[in-house]
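Chemist: Given the structure of chain A, go ahead and fit chain B onto it with the hints provided.
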Amino acid sequence: MLGYIIRRILAILPVLLIVAVIVFLMLRLSPGDPAAILAGDAATPAQIDRIRTELGLNDPLHVQFITWMGQLLQGDLGTSLISRTDVWTMIERRIDPTINIALLTIFISVMLAVPMGVIAAWKHRTWADYLVMTFSVLGFSIPVFVIGYIFISIFSLQLRWLPVQGYTAPSEDLLGFFQRAILPALTLATIYIALIARMTRASMLEVLNEDYIRTARAKGVSERDVLFRHALRNAAVPIMTIIGIGFALLIGGVVVTESVFNIPGIGRLTVDAILARDYPVIQAMILLTAGIYVLVNLLIDLSYSLIDPRIRY
Amino acid sequence: MRFNSRDFSNNKVVLDVRDLSVRLPNQPQVAPILNQVSLQIRAGETACLVGESGSGKSVTSLAVMGLLPKDALRVTGGGITLSGRNLLELTQKEMRAARARNMAMIFQEPMTALNPVMRVGDQIEEVLKVHGDLPQKARQERVLAIMEQVHLPDVRRVYASYPHQLSGGQRQRIMIAMALILEPELLIADEPTTALDVTTQGQILKLIAELQEKQDTAVLFITHDMGVVAEIADSVHVMKDGQVVEQAPVEQLLRQPREDYTRKLLKAVPSLIPRQERPETLSEPESQGEKVLQVQKLRKVYGGRGFFRRGEGTLAAEDVSFAITRGRTLGIVGESGSGKSTVARCVMRLIEPTDGQIVVAGSEIAQLSRQALRPHRRHIQIVFQDPFRSLNPRWKVGRSLVEGPVNYGASRQEAMQQAGDLMELVGLPREALGRYPHQFSGGQRQRIAIARAVAMKPDVLVADEAVSALDVSIQAQVLELLADIQEKLGVAILFITHDLRVAAQICDDILVMQNGKIVEYGPAGDVLANPRDAYTRALTDAAPGRGWDFANFRELQSA
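If you read the protein sequences in the order shown, they are chains A and B. For the first sequence, the positions run 1 to 313 when my numbering is used. For the second sequence, the positions run 314 to 872 when my numbering is used.
So that you can see chain A by itself, here it is in the shape it has in the complex (with noise of 0.2 Å):
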């Protein structure tokens, strides 16, 4: 078992290296010149020029690439090329936010989206279940910022029930955290709800005809531990790989969430880098998200053998 979880952290290193690699030269090979926006419209060609080489963007490809990677080495992400912060420090400030609206968001799904796939499993062809596949085909299709700007339009300017946007930290004030968090919260969700829904659906819809839910019925088990006791759990290993794939969408989900709730977190920073082209900020969140990607999906592999005692590393 250590000497598995060993091996794999090992291995996320040659994949965060290809990450590196790719958003290295895709960044170069794109369109933009970061001198050019920093020096302004009304600047020559000579000023540009100029920028560029103190910036080191006027060195070769390899010998960028080479610094950088030596000071990625020594645990140095870099200084932006707007702000001239370090970026370790920009990142620091922004990921708070992101980080707790991800968290409940993650919770308000697995809360909704696991009960929902059950019942609709456990009622299989009849209206719950109907209702909840639908819901799960709509929660596909309507990307995320209309569903943004509906719940903003519903809550915040109809019912004036919630703030419009911005954020308050949970350790200021836990209330106004919640009042400004649930709605991007429930944005986020609503995509992953119908993703793990309906998965939670089939895998349990495949248990619930195993022999072993005819003998729990036989002992006399009532029908909700039969659900939640017996099933559920031997239903668990797909609804956990697919938690973990969903993570690349809230990743996904959050720039955009960001930008229509106005929360200064890291999506939004990730944005504003991308329009300045600020290289260094870009490459450091693509390597940031690359790095939780898989360590999440490797908890989530290291779950399955405490969800099911045959699976063993």
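Think of the hints as simulated: they come from the structure by calculation, not from any bench. You may find that some hints are simply not true.
Computed cross-link-like contacts, SDA-like style, restricted to lysine to any residue with a CA-CA straight-line distance of at most 20 Å [unchecked claim]:
no., chain 1, residue 1, chain 2, residue 2
1, B, Lys553, B, Ser786
2, B, Lys604, B, Gln799
3, B, Lys406, A, Ile311
4, B, Lys442, A, Arg214
Modeler: Structure of chain B alone, referenced to chain A:
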């Protein structure tokens, strides 16, 4: 052969099923699934419910337990009374309370009937939790006590084990413990020993009888195995197409069956007496005695030394040598884990033998590469156990049949033509080539699987438990078909089975395996009638109903 002849007329009636009818809901035009089934079981009595698949045995038992699939089947008439209480009038909640407490059930597949992610001790304990309020400690003691009673070894360790850590027999003991912990009046056992080895089967049957005696339980025992019926039944109910066609005390039923259907069922039971010895002569003298399959010192180790692994691996077969001549049948007999299927798969080169020689139709194939093996594959073909999974469900039968010959260079028309001939050879209409596997019954599918194997004109046909999943009457037909094909085509058959009765019917020679080694090898008559090895003797002794000649309704006349 001694049958049960106990008298129960003074005992109280535990289960009384009267004119029970079950139908598909909203489909009055479809024939009922159960048609006025009646049966009675008294305390301490074992009633066997026999019949072929689809006869309604399991539906009857599920109806009693109230476990019919809710939207698929509905009780439309009759009554089920358990110790004076009409079960059909109970609410869901009362019904749940009655399960395990008043009536309990054990199922066929101990591999799948236990929840794989719960410790078995907890699964037994759950019964106590649901039906009562004993404190935790008392519950655990009671669970350990019943585990002792079903003769599980090392109960504290087993208590904390997961199902996959136990053997099939141990799991079935867990099921029995779970069913009987509350001492219900009625135990329903649905083919509880069908998936078990014959020696384990004997132990489980003994265990059920022992606990039944202790608790005075009424047992409804569902089985298709007449041997088991002869061993344990007090009374027998024969079912066909949702009706009970005959019921009688066991001895009367086996000696003087009244109904034609019962006679047919009994006649299909394969005899333990080996078939007549066949002389090793064939129509073509030049091929006489030609060894089409020779296996020398075959050895297979699973796992074992690898780049990342140390250790010994699992020895699945060692020093296995045998030979088959054209037109003859060799049976490999053994219990699960004996290595018989490993040998079959090595011979087919579906898995890589670790060591040894395999000579098929004159060519040594044991060490050939995948590529070099290709031209030799057609000489040896296999028929698998489960006809429901061995044909591609999305392919028409014709496509499955021509695939092999086309791979070896036949034109499509030619192959189709031949496939049609083969369908007729196995007793199916030519037109059936255009149908999908799900449109056939299990027996028909196994015929198709045989046709598929024979399409390659092999020298050797490997049949891996090829009739184990079939009803006895179908089993007899498929065995007949195999013998017929062998006569026509002169193919040699390697027949893998756990069933001594089947082996006695079809094999010329028998090889008995245990723990990966051959313990006895010789002509079928010698091996079955005068086994020399202790293990072979144990196997033949454990065969249920071995003293009875079912097909002739009398004691076995020793040859």
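Chemist: For the pair supplied as a hint, Lys442 (chain B) and Arg214 (chain A), confirm whether the alpha-carbon distance does not exceed 20 Å.
Modeler: Given that 20 Å is the threshold and the Cα spacing comes to 18 Å, the pair holds.
Chemist: Within a Cα-Cα threshold of 20 Å, do Lys604 (chain B) and Gln799 (chain B) meet the stated pairing?
Modeler: 15 Å, holds
Chemist: Is the hinted pair Lys553 (chain B) and Ser786 (chain B) satisfied, with a Cα-Cα distance of at most 20 Å?
Modeler: Holds, at about 13 Å.
Chemist: Is the hinted pair Lys406 (chain B) and Ile311 (chain A) satisfied, with a Cα-Cα distance of at most 20 Å?
Modeler: 36 Å, violated
The earlier numbered hint that this structure contradicts is number 3, and it is the only one.
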